[in-house]
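Could you build the full structure based on these sequences and the hints that come with them?
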Amino acid sequence: MADSYYTNVRGGRGWSAASCPSGGTAQRHVPDSWISSSGFWVGSCGATLGQVNRVRVTVDDLRKAVEADVRRNWSDAAWSRWLQAAAVLRDQSFRNVVLIKLQMPNASWVDGRPGWQRRGRHILRGASGIRIVAATSEVDRSAGPVQGHGVATVWDVSQTDGRPFQVVPARPPREAFAALQEVAIASGYGVERGPLPSHGDGAETADRRRRIVVADDLDVPMAAMSLAHELAHLRMHKRLRGASCHGVIRLEATSAAYLVLSRLGCLPDQSSADLIARTTGVVSRTPPVRLIETLGGRVVATANRLYDAAERHLPPPHLQPAKPTLLTDAPRRAEIGTPGHLDPGSDRGPTP
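So this note's numbering is basically just the index in the sequence shown, starting at one, shifted up by 172.
Bear in mind the hints are in silico, worked out from the structure with no lab data behind them. Quick caveat, the model's predicted, so the values are computed rather than measured. Each statement offered as a hint is correct.
Listed next, with one range per pair, are the computed distances between beta-carbon atoms:
1. GLY334 with ARG381: 49 to 57 Å
2. ALA342 with GLY362: 24 to 32 Å
3. ARG297 with HIS418: 49 to 57 Å
4. ALA342 with ARG365: 16 to 24 Å
5. GLN289 with SER370: 52 to 60 Å
6. SER370 with THR452: 23 to 31 Å
7. VAL392 with ARG335: 31 to 39 Å
Built from N, CA and C at the ideal position, the CB exists for glycine as well.
And the structure:
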């Protein structure tokens with residue numbers, strides 16, 4: 173079975189024709205950042221999945237590969253794809269979202285072996301695991317220089333079988349708005365619909381009155397997203413009274429709101445390019461990778477907390493059986509990649 177695997181290329185850099193365990197060859201460009209400390213790189217040939225899973229991968233290998241992926245693909249479109257992936261990959265850090273999407277682009281719900289066993293499901297024979305970074309209590313082994321973290325292996329629902337896997341259906345926009353309104357109230361802010369004091373659009377927060385005003389000419393999905401935008405500001409930014417929403421803070425707030433509404437399944441009927449602030453003019457074309465990791469970590473962590481807070485105010489869902497794609501229908505695993513540290517601070521997410 174053809175799949176990604178690590179080929180030992182200690183002898184060289186650049187273009188390499190390395191022998192596969194199955195006897196084939198894998199010839200491709202090998203960026204230095206993809207070569208691990210143990211001399212392995214990700215190639216594509218006829219290696220068996222068992223051989224793939226036995227390869228030793230370190231935290232440093234993963235970190236370098238995520239850096240390479242972010243550096244190579246940074247754009248508005250890539251940012252939107254990572255946010256869309258984060259919406260379905262709950263409880264994963266931004267860097268693990270990048271890792272999972274890099275290895276299995278269509279992954280929708282991942283868990284470790286014990287997690288799937290608790291759900292009454294087993295991993296399909298020969299399924300190749302997805303490598304991520306996790307706390308040492310959750311890892312297969314501690315590997316790499318990041319103290320307290322190591323490499324863990326997870327599998328997507330499409331790689332499992334067993335008890336029917338249930339998913340939460342999309343929420344009606346009115347339920348989402350009502351739940352977010354309760355989150356605002358719990359934070360000490362009332363919510364009202366009406367004309368905005370600045371005669372702008374979307375929503376505005378009046379800190380002195382402790383009110384969030386949502387424009388009354390918006391439909392319900394857009395009103396819910398505008399409310400989520402303001403709640404993201406409250407959780408992420410300490411703006412001066414009267415300060416405008418622009419630059420990085422706008423990018424963070426629109427991204428967090430997009431992620432929350434996407435997870436609730438009630439995004440406004442507009443393209444992601446219209447819903448998320450453009451990175452052009454805010455982030456350079458070739459930004460430092462650490463900046464993107466920090467930005468992504470803050471957005472994902474804030475959206476996770478905001479969604480969890482809203483979920484407590486949603487009515488019980490009517491669960492529906494999931495329809496995972498068959499493993500044979502899933503795209504072939506792509507090359508593996510890795511997260512580095514985020515700067516410490518509020519709403520920046522877990523270290524993995």
